[in-house]
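Mind docking chain B on chain A? Use the hints.
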Amino acid sequence: MTMLPRFRRRPWSRTSAPRRSGDETPGPPDWPEHAFEDRMATVEFRVAEQPHIVVDTEACRSCAGRPCIGVCPADLFTPTADGGMVFNHEQCFECGACTLVCSQEGTISWSYPPGGQGVVLRWA
Amino acid sequence: MTRFDVVVVGAGPAGSAAALAAARTGASVLLVERGPFPGAKNMHGGVIHGGVLERLIPRWWERAPVQRWVTRRTTMVMTGTQSLSLDFRSAGWTRPPYNGATAYRSEFDSWLAGEAERAGARLVCSTTVTGLLRAPDGTVRGVTTDREGGDIEAGVVIACDGVNSLLTGEAGLSAARDPGNFALGAKEVLALSREEIDERFGLSGREGAEIEMLGCTAGIPGGAFLHTYLDTVAVGVVVSVDGLSASGVRPEELIARVKAHPSIAPYLRGAELKEYSAHLAPQGGYDALARLAGPGLLVCGDAAGLCLAAGPWLEGVNFAIGSGMAAGEVAARSVRAGDVSTAALAAYRNRLEASFVLSDHRRWREVPRLLRSQAVHEKYPRLVCDAAERVLTVPAPRPRKGLSSILRETAAANGTRLRDLVRDGWQILRSFT
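Heads up: the protein sequence lines correspond to chains A and B, in order. Quick note: the first sequence, position 85, residue 85 per the UniProt record's numbering, numbers continuous. Quick note: the second sequence, position 197, residue 197 per the UniProt record's numbering, numbers continuous.
This is chain A alone, in the form it adopts within the complex:
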C-alpha cells in the first residue's frame, strides 16, 4: 500500500489532443482520478543501473509524428523544448509498444533488463 495522497485532482486530459466534435464522453467521474505519478507509484520497479532501452534521441529530432509519446503507457518519452527527446527507462513496463510505432528503424534499441530487475507485477 502506498501512502501517497490519493485525492489530488488531476486535469482530465494530459495530452493536448483536441476532443473530437460530437464526442459524448461524459465528464470526469464523481471521484477523483489518480494523478499519473500516483498511478505509477502503485507499480514495483527494480531499477537496473544500465537502461534496457536506449533511444537515439538525435533521430527523434527529425521525426514529425513522435508516436512513442502517446502510446507509452508509462509516459516515459518526454519531448524537450529544443526538439529533442528524453527517455527514462526506470518505470518501463517492458511492453514494447514504443518499438512497434517508432517510424525510424534502429532509433530504439530494445532488450530486456537483467534477470530479476525491471517491472514486477503482482495483481495483473
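Zero decoy hints are in this set.
Just a sample of chain A residues kept apart from chain B, beta carbon distances all over 10 Å, derived: (1) T57; (2) A59; (3) R61; (4) A81; (5) V86; (6) H89; (7) G106; (8) T107.
Just so you have them, the derived chain A footprint on chain B, three or more residues with Cβ under 8 Å: (9) 28–41; (10) 122–135; (11) 163–174; (12) 250–264; (13) 275–282.
In case anyone wonders, no lab produced these hints; they're calculated from the structure. Keep in mind the model is a prediction, meaning the values are calculated, not measured. C-beta atoms are modelled at their ideal positions from N, C-alpha and C, and glycine is treated no differently.
Frame of chain A, contents of chain B only:
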C-alpha cells in the same frame, strides 16, 4: 557447459506447460524465467479458460490459485452515454470443469511453474536469456544467459518468451512486426471489499463476473473489460497499437473514460487503485503467426502470436498452455530420437493444427481483420444503442413508429447505409461460423 534435453525460455503458461509436459516424459528440463518469480512480467485480460489444463493437471481446479469462477458474462455495446447488454449467467459454469476463472498472473504462473518443478523440471528465476547458441549448420544448440558462465546447452530450445519474443526474432522466425497485429492492454486493479463486489455484481461464494465492452475505446479498434476477483476489480482496455497511435488518446485516458461511463461507474464507486499495468498482446490471428519451428527451436504462446484478441474476445492463456504441452512433448520425443531438424519438429505444428489451438485460429482467421474496422467500434455501437433507445422510449403522446422505419431513420442519422450494415454483419457472422 550444463546440458538439458529441453531448455524452456519463459515461465508463463506456455513455458510451464511445455516444461511440465517434457519433464513428464522423463526428459531433463530447465525452465528459465527473467522475472524474480513466474508471472512478474505478465499481465492478462483477467480470465483463464482452463479447459485444456484438465489434460495436463487433472482436477486442476482443486489446486490452482483461482480467485473467482466466471459465472456471469456480459457483453456490452456502448456509446459515451448508452449501453446495451447481453447478460449471460449459467449454473453450469459454477461447477467443475468450469468455463473461466479469474486469477492473478503472479499467483497462477507461479503455481503452474511449481507443477512443472514437481514433475521434475528445474526452474531458475531472475535469469534473462540473452541469445541462442548455434551449431555451424545453424541448428539451435542452447542459450546464453546474463549469469556468469551461464551458457546452457540444449537438445531443443522452446521459446516461450512472450509477445516481444527476442529469441524468435533472433532465429528469423517472427512475423512482420506490424503495429496493426498487436494490441496494447492497459488495466487498473482496484480494491473493493468482497461483500461490495458480491452485492454490486450479484454474486455469491466464488462466483465471478466478466464484462466485455465494445464501443468505448474512442473509436480505436479494440474493446474494454471488467473482471472481478475476490476483493479487487480489474478494469482495462485492449486496443490496436496502430489505432491508439493515430488517435492521440493516451491509454490511461481510455481507462478513465471506461470507469466514468454511467453503466460502469456505479460498480467502481469508492474503489482504490492497487496496481496499474500494461502489456502487448498479439492480435493478428492465424495469418500473422510466427513460424513455429526451426532447427532445434520451437515457439509457443504469445511468442508465436497464439492469442485471440479481437473486439470483446480475449483468449491467450488457453492457447499458451495448449501449444506449450504439444511443444514439450514433441521436443522431448525429438531429442530422444536424436533428430531435432525442422522436418522432425514439424510434428509440433501438425499437432497444433489438429488441436483447438490452430483450428480455433483458423476458424476465426478473418475475425481480426473484420473487427478492426472503425465502423465496428464507433458507428455500429452507436447505431445499435440509438435504435434500442428509440425502440424502448415510449413516444406518447406521439404515435409509435414501426421497427423498420426506426431502424431506417436511425441508420440515416448515423450515416450508415443499411446495405453496408447488412454486408458487414453478414461477413462478421460468417467469419465466426
